[in-house]
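Single-letter residue listing:
There are 2 protein chains.
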Amino acid sequence: MRILFTDIMQMERLVRQAFVNGLSGFRSAVLVGTANAAGQTNLALFNSLTHIGANPPYLGLLFRPTTVARHTYDNIRRTGQYTINHVPPAMVQQAHQTSAKYPAEISEFDACGFTPQYTPLLSAPYVEESSIKIGLEYVEEYLIEVNDTILLIGKVLEVLLPEAAMLASGHINMEEWGSTAVNGLDTYYSAERLIRLGYARPDQQPESMV
Amino acid sequence: MRILFTDIMQMERLVRQAFVNGLSGFRSAVLVGTANAAGQTNLALFNSLTHIGANPPYLGLLFRPTTVARHTYDNIRRTGQYTINHVPPAMVQQAHQTSAKYPAEISEFDACGFTPQYTPLLSAPYVEESSIKIGLEYVEEYLIEVNDTILLIGKVLEVLLPEAAMLASGHINMEEWGSTAVNGLDTYYSAERLIRLGYARPDQQPESMV
Chain A
-10 MRILFTDIMQ
0 MERLVRQAFV
10 NGLSGFRSAV
20 LVGTANAAGQ
30 TNLALFNSLT
40 HIGANPPYLG
50 LLFRPTTVAR
60 HTYDNIRRTG
70 QYTINHVPPA
80 MVQQAHQTSA
90 KYPAEISEFD
100 ACGFTPQYTP
110 LLSAPYVEES
120 SIKIGLEYVE
130 EYLIEVNDTI
140 LLIGKVLEVL
150 LPEAAMLASG
160 HINMEEWGST
170 AVNGLDTYYS
180 AERLIRLGYA
190 RPDQQPESMV
Chain B
-10 MRILFTDIMQ
0 MERLVRQAFV
10 NGLSGFRSAV
20 LVGTANAAGQ
30 TNLALFNSLT
40 HIGANPPYLG
50 LLFRPTTVAR
60 HTYDNIRRTG
70 QYTINHVPPA
80 MVQQAHQTSA
90 KYPAEISEFD
100 ACGFTPQYTP
110 LLSAPYVEES
120 SIKIGLEYVE
130 EYLIEVNDTI
140 LLIGKVLEVL
150 LPEAAMLASG
160 HINMEEWGST
170 AVNGLDTYYS
180 AERLIRLGYA
190 RPDQQPESMV
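If you read the protein sequences in the order shown, they are chains A and B. Here the numbering used here is used: the first residue of the first sequence is -10, the next is one more, and so on. Here the numbering used here is used: the first residue of the second sequence is -10, the next is one more, and so on.
In isolation and in its complexed conformation, chain A is listed as follows (with noise of 0.2 Å):
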């Protein structure tokens, strides 16, 4: 089957939300903890995060300014801080939740059962219930011109994640210890490990590690 771009205009709203989310895959489900200036917090689901690069260790985030992340992201530019918290399988529904208009004086964090934690670093919230939790400082933002959406980049400050959730090799066992994909805006799965390979060389078939 060949959809067209003007096919693809020509859905109803809905439909092609739900398509052109569904081309680009998986990619994580994760909640991002913020506070405003009076300590009030927010918990919103976001499903844009990007790896950005390793050395520094930045990570990115897309923002539709119009939605209802936008507390999340008045928060970052008022405090400069925000948390990551990637989303165990068991938690999808609650973490889902976080998706609905609460008003501003309502925290997702009582209102969908989840428990705000603190290091001494940052004033934004982590989620007590994730695993592997990631706090973060703003750095900069580019505008996307083509539809206003936001690419929003922050500094790693501080990783928290449970002893025998790291290798030596520096890799992170994310299927084990709690990391959620989602296929779109409402579509959530389980990660299964298929393989790890090795540097890949012109010569040689790519070779399979522990």
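A portion of the hints provided could be inaccurate.
Because identical chains share one entry, a pair is satisfied inside a single copy or across any pair of copies.
[What the hints assert, rightly or not] In silico SDA-like cross-links for lysine to any residue, where the CA-CA straight-line distance does not exceed 20 Å:
no., residue 1, residue 2
1, 90, 162
2, 144, 131
3, 144, 194
4, 90, 126
5, 90, 193
6, 144, 107
7, 144, 93
8, 90, 3
9, 144, 4
Please keep in mind that the hints were generated in silico from the structure rather than gathered at the bench.
Got chain A; can you put chain B on it based on the hints?
Frame of chain A, contents of chain B only:
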């Protein structure tokens, strides 16, 4: 365990690379097909596919211009066209092998055993072995100043997929029709569907959809 920014900066280079790349969780492994002005094909593995917008349909790819993906970037800038092809789990080793540093005159299609496929609309090659294929046109790019990576944005011109892979709701059955998840640079996963959830509202629990 708490790992600080300074701990990350002191990690051995490959350990840091594995660790920070792992933090961003699951993405989809995709093959990007391009051709130069003379029609010489190129195929490169990416894990940085990003949803930018649905209306109109835009997708983003992050480039580190100094890597092997340089041929891909050059071809896109010269021809304005490229394809994104989801990798079925059975083809992960072949797909990974495209990341080896082949000389410019060798096509990864030939070297790694993929078949170029063309439509009347694009000069860039699709991957015949892939089930879900997207043809794109270059729109704009942003240089990420913190580390000189490039976010390149393309408009979706056409999508090729099996009729049975798309539901009436617009959802794509990604797990059934062949997309592989990847964490970090080298660990591949198949995705097992947990649940599809309805639009979240403050006063009710999210509904599970068929």
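Practice prompt. Could you work out which earlier hints the structure fails to respect and list their numbers in ascending sequence?
Written response: Hints 1, 3, 4, 7 are the ones this structure does not satisfy, whereas the remaining hints hold.
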